[in-house]
Structures are given as C-alpha cells and as structure tokens.
Amino acid sequence: MKIYESVCILSPSLPDDDVSKLIEKISETIVRAEASVLHVINEGKKKLAYDVQHERRGTYLIIQFQGKGNAVNELERFHRMEDGIMKFLTVEIQPELLKSAGEKVEKAEVGAGSADGRVQ
Numbered sequence: 001m002k003i004y005e006s007v008c009i010l011s012p013s014l015p016d017d018d019v020s021k022l023i024e025k026i027s028e029t030i031v032r033a034e035a036s037v038l039h040v041i042n043e044g045k046k047k048l049a050y051d052v053q054h055e056r057r058g059t060y061l062i063i064q065f066q067g068k069g070n071a072v073n074e075l076e077r078f079h080r081m082e083d084g085i086m087k088f089l090t091v092e093i094q095p096e097l098l099k100s101a102g103e104k105v106e107k108a109e110v111g112a113g114s115a116d117g118r119v120q
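First residue of the sequence shown: 1, per our numbering; consecutive thereafter.
Quick caveat, the hints were computed from the structure, so don't treat them as lab data. Note that the coordinates shown come from a computational prediction; the quantities given were computed from them, not determined experimentally. A hint or two may mislead.
Cross-link-like lysine-lysine pairs, in silico, DSBU-like; alpha carbons within 30 Å at most [stated by the list, open to error]:
no., residue 1, residue 2
1, Lys21, Lys68
2, Lys68, Lys25
3, Lys21, Lys46
4, Lys46, Lys25
Okay, the calculated beta carbon distance ranges per label pair [claimed, not checked]:
no., residue 1, residue 2, range
5, Glu96, His54, 33 to 43 Å
6, Asp17, Glu96, 37 to 47 Å
7, His54, Gln94, 29 to 39 Å
Glycine residues also receive a C-beta, built at the ideal position from the N, C-alpha and C atoms.
Just need the whole structure built from these sequences, with the hints factored in.
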C-alpha cells in the first residue's frame, strides 16, 4: 500500500466545531475506502499567497493516510462535494523521501547549537 498526503484549505468562516466535524468526515471517508489514517494536522488559519474564492485567509489541514489508489479517488470526490473546502491537493509520498527528510531534521536539531546560530 502507498502513503499519500492530502492538503486542504478550508474556508476561514468555518467555526472550530465544524472543522472538527469535517476532519471526522474525512477520516470516515478514508476508512470506508479501506485505507488507514496516519496523521491529521490542523495548521490553523494562515494568510494565503493569493485570493482563493475571494478569501485572503484559509485554514490549512494536512492528512496523511495509507491505502490503495481508490482511497484517493474517494477522498477527492468528497473534497469536491464539500462546501467548506476551498482547495485541495493529494500526492503520493515516497518512503525514501520520508526517511531522508527525517534524517535532515535530526541533523538540523543536532547542529542547531553552533556558535554563529546557523543551522548546519
């Protein structure tokens, strides 16, 4: 099974309760497609680089899940039908890249204490 990451930008007008309900619906959609949710990260409201549906801000939501390609199809169908989701993108994550990204983070944490304050 492959690992996927879906990034969604939600409408900033959604109350926190509705965001929580939407996260539950997304998780249920993934599980119904015989996939498993690995991580759900609510990044909160952030300024957008450009206006999306006449909005300058959006709530960022990152979902990592593991499953087959049909899970991606089901999730994207759900994203298109849900009014609170302004934009979304789902990509496959290569396991090798996950490992190398983790190593870079560890190196940055170890090298963070240099005399000039730069991360090595």
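Hints, one by one, checked against the model:
Annotation: proposed proximity of Lys21 to Lys68 holds, straight-line Cα distance about 25 Å (limit 30 Å). A threshold of 30 Å between alpha carbons decides the hint, and for Lys68 with Lys25 the separation of about 19 Å falls inside it, so the pair holds. Restraint check for Lys21 and Lys46: satisfied, since their Cα atoms lie roughly 20 Å apart, inside the 30 Å limit. Taking the CA atoms of Lys46 and Lys25, the gap is near 22 Å; set against the 30 Å cutoff, the hint holds.
The hinted window of 33 to 43 Å between Glu96 and His54 holds, with their beta carbons roughly 40 Å apart. One distance hint, 37 to 47 Å for the beta-carbon pair Asp17 and Glu96, holds here, with the actual separation near 39 Å. At about 36 Å, the CB distance of His54 to Gln94 agrees with the hint of 29 to 39 Å.
Hint violations for this structure: none, all hints satisfied.
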